[in-house]
Amino acid sequence: MVTLSSNIPSGPLASKWEKHKFATTLINPANKRKYKILVVGAGLAGSSASATLAELGFEVHNFVFHDSPRRAHSVAAQGGINAAKNYQNDGDSVHRLFYDTIKGGDFRAREANVYRLAEVSLNIIDQCAAQGVPFAREYGGLLDNRSFGGAQVSRTFYARGQTGQQLLLGAYSALNRNIANGGVKSFTHSEMLDLVVVDGHAKGIVVRNLQTGEITRHNGDAVVLATGGYGNVYNLSTYARGANVTASWRAYKRGACFGNPCYTQIHPTCIPVSGDYQAKLTLMSESLRNDGRVWVPKRKEDRAKRPADIAEGERDYYLERMYSAFGNLAPRDVASRAAKTVCDEGRGVGETGLGVYLDFSAAIQRLGEGKVRERYGNLFAMYHEITNENAYQTPMRIYPAVHYTMGGLWVDYNLMSNIPGLFVLGEANFSDHGANRLGASALMQGLSDGYFVLPATISGYLASQNPGKRPATDNDAFKEAEENVQAITKRLLGNKGKRTPYSFHMELGKLVWEHCGMARTAAGLTQGIKAISALREAYWKEVNVLGESNDWNQSLERAGRIADFIELGELMCRDALMREESCGGHFREEYQYTPEDPETKAGLVNPGDVKRRDDQFAFVAGWEYGGAPDKAPVLNKEPLVYEEVHMSTRSYK
Amino acid sequence: MKVTLKVWRQKNRSTPGAFKTHETPELNVNMSFLEMLDVVNEQLANRGEEPIAFDHDCREGICGTCSLVIDGKPHGPHKGITTCQTYMRTFNDGDEIVIEPFRAKAFPLIKDLVVDRKAFDRIQHAGGYITVRTGAAPDANSVPVPKQTADFAMDAAQCIGCGACVAACKNASAMLFVAAKISHLGLMPQGQPERYRRAKGMVDQMDKEGFGACTVTGSCEAVCPKEISLDFIARMNRDYGVALLKGDAKAVKSGGAG
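Protein chains in written order, with the working numbering: chain P, 1 to 653; chain A, 1 to 258.
Any given hint could be a false lead.
Capping the alpha-carbon separation at 20 Å, the derived lysine to aspartate or glutamate pairs in EDC-like fashion look like this [said to hold, decoys possible]:
no. : chain 1 : residue 1 : chain 2 : residue 2
1   : A       : K11       : P       : E548
2   : A       : K11       : P       : D144
3   : P       : K469      : P       : D199
4   : P       : K498      : A       : E50
5   : P       : K371      : P       : D199
6   : A       : K118      : P       : E214
7   : P       : K510      : A       : E49
8   : A       : K147      : P       : E374
9   : A       : K2        : A       : E23
10  : P       : K498      : P       : E483
11  : P       : K498      : A       : E49
12  : P       : K653      : P       : D316
13  : P       : K253      : P       : D302
14  : A       : K147      : P       : E138
Reference listing, derived: stretches of chain A covered by chain P, where coverage requires no fewer than 3 residues with Cβ under 8 Å from a Cβ of chain P [what the hints assert, rightly or not]:
no. : stretch
15  : 13-19
16  : 39-50
17  : 108-115
18  : 155-167
19  : 174-188
20  : 231-244
Treat the hints as calculated values from the structure; they're not laboratory data. In this text, a Cβ means the ideal position worked out from N, Cα and C, and glycines have one as well.
So here's chain P without its partners, still in its complex pose (with noise of 0.2 Å):
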């Protein structure tokens, strides 16, 4: 057992930031460039950070397995960035992100976390504009903002449908600039296989390089990850093919706690599944449902009729009608669910019943098709390659699919982990969006821990550690993660079985969707467990991986992802399945709001809302890893204390 301590600090919910930044012990100028970092990922996250890190004089060592830091997969994300600035006088504040935020989470959050966020929202946007990001303007020249799902204000800043895109090439072109004045030393094309921990705490890592095969070891006085979420363990999402959870994972098994790994987001607005064949679902922005409705028939004897051939009063704009007040922009988990509903009661369109509409024509007629084309062009543009089908005349079909994870490894109010020395950063951690995220909240915690949260609280660890005392890499634990990497791959390549390593994979995902997916039961989830645990012994059996260590070889990458995508597929199960309550995307079957429940007679919430267990499960699950992936984790809880907010019944009607 650890103890997880959030280390949130004393006093009054908005000075805590302030207090604590003046409380961290500093590091003189002469000092910091004595001390090693080595941050791994190169996103928003792991970008900001390490460029921040070298301009405070810190030595930084930057990881990705990424040809360059510019493909990370921030670069995908389309619709914006919050930020509180008020700019459109709507009545936004930092306290109304940070209550949207930690409602939209559905009181799953750490409440100091979510306040810090907000606050230093505001920054982030300065420093993005002043990088040069081109964002949408007015003609004026100021500041142009969109509205966001979970929200009433507009407060979403936006450069076209590609706003990850200009962040991260912000913060690449930060970075670059470190770089190239030596404070930066990139590695490229180079895969984090294990943590190294020294006398308790994170001292190194071992890397493969993906060209050469070549295993190398490097030493830090601390370790910062920023390696992204963990979606891909349904092999079917709108991740990048790449993405994976292996750093994390590999730190896990080294002793860092996995927070909530069954929170997990699954957006409303993708383009629906066509085949066994697919590798990729793509996301269609959630800024469409701005100026887009979402309906399906009533009568599901409509559902094969063209949507022009079903009247206005056939429809049913079924967000509108059971979310009056958001409507169109409930929270990602909210509209799902709902899309979800409506398809198993047989009234989803398209081929295999799985979509629903969302339509265009109002906008359309309110606004002309040149204003439509100038705000969602690109996507639209990207829905027709994909689908062969004119969404300015037809409206687009749409269905759920995995986007984001929520959990990820355990930090304090620091952004460390358990393990002194390890601080994670990004999707990576688990900490800011509680059991659901609002749209646009991504790009602003990467930037927030990369920027501003990470660079002010690592001297508080930093400055423990006597400079230039770091461990070197002829160190034991040195020696015993680089054997541990080089056997892994060694099993991976000698095992001479029948089946790829791509097979498994479909069959995690398959398994992962049906038991741990947009709903969970207890049966459902024990089925899913045994199942993982089979498919694990199955997959050292029976994987085959071609190819040589020493050489270019994307099997051999692949295979080792998968490997650690399994065990962590059965460890999401066991914590869905502890979590006897429903809040934001985990959905629990048996924990949803009925018609006899006072809160729905009272019109809050409508029957098969989630229904959250206050009394027993307001805590984050740090899991520890049990030694070996046969042995049962050991389930560490830190108690959810809200000082300042009142954990409600979240409602969007």
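With the hints as your guide, set chain A onto chain P.
For chain A alone, coordinates are given in the frame of chain P:
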């Protein structure tokens, strides 16, 4: 549908490569081009043959990782579309499709269809940024940017750094890529202080990397998945010219703490 693939296979830089023919199994017209390659690779792996190495990641046309010259054209037949967003319905049953890597001296081959594009990163190290320390930024609305300028900068900024422009060019020139970056930052008011220094630094590095010269044939613009305009090259040439006229900034004669 089924197609025949003629694919460039090469173990590594020091081993000569050759085209090899692979027959696909039955395909679905709604498959993406890369999903087709996935299916072929599974088939190869099941037969114990090494899968075709190809680069890919986001599969939604934004990360710039995927490449491939398909039937002689970088990113395949469609205008303004990456390889990963190309769908099999574009091809006919029974077609023979030729797949090659992006070929350029500055993009050395790694394996099969994968090339090393790190030269692009090094060009950006040479000035592809606005110098602003974290925390030093003024309020975002304190510097208004005319909408037209922001939109124009965005046209350039959306370059995904894939290198198709280089692959299409008979001289393997990287002018469109470099021009996009220089124009994006050089258009924004925030980018003015370093505008000419940036243009000079990046162009010089581009030359050092071994990319060829531009003869304005426009093949780069024709294949660019983000349809980045050739006009930006004119902008870059002007900025580079001004940078040469201005010359290097004079060294400060005296310094030190006051």
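Hint check results:
1. A:K11 with P:E548: 11 Å, holds
2. A:K11 with P:D144: The hint is violated at about 50 Å.
3. P:K469 with P:D199: 13 Å, holds
4. P:K498 with A:E50: 14 Å, holds
5. P:K371 with P:D199: Given that 20 Å is the threshold and the Cα spacing comes to 61 Å, the pair is violated.
6. A:K118 with P:E214: Since the Cα atoms of K118 of chain A and E214 of chain P sit roughly 19 Å apart, the hinted pair holds (cutoff 20 Å).
7. P:K510 with A:E49: Measuring from Cα to Cα gives roughly 27 Å; hence the hint is violated.
8. A:K147 with P:E374: OK: K147 of chain A and E374 of chain P at ~13 Å, within 20 Å.
9. A:K2 with A:E23: 8 Å, holds
10. P:K498 with P:E483: 27 Å, violated
11. P:K498 with A:E49: Given pair K498 of chain P, E49 of chain A holds - Cα atoms ~12 Å apart, limit 20 Å.
12. P:K653 with P:D316: Holds - the C-alpha atoms of D316 of chain P and K653 of chain P are around 17 Å apart, at most 20 Å.
13. P:K253 with P:D302: 52 Å, violated
14. A:K147 with P:E138: 6 Å, holds
15. 13-19: violated (count 0)
16. 39-50: holds (count 7)
17. 108-115: Answer holds; 3 residues pass the 8 Å Cβ test.
18. 155-167: Satisfied; 4 residues make the cut.
19. 174-188: holds (count 3)
20. 231-244: Per the Cβ count (0), the hint is violated.
The structure fails to meet hints 2, 5, 7, 10, 13, 15 and 20 from the earlier list, while all remaining hints are met.
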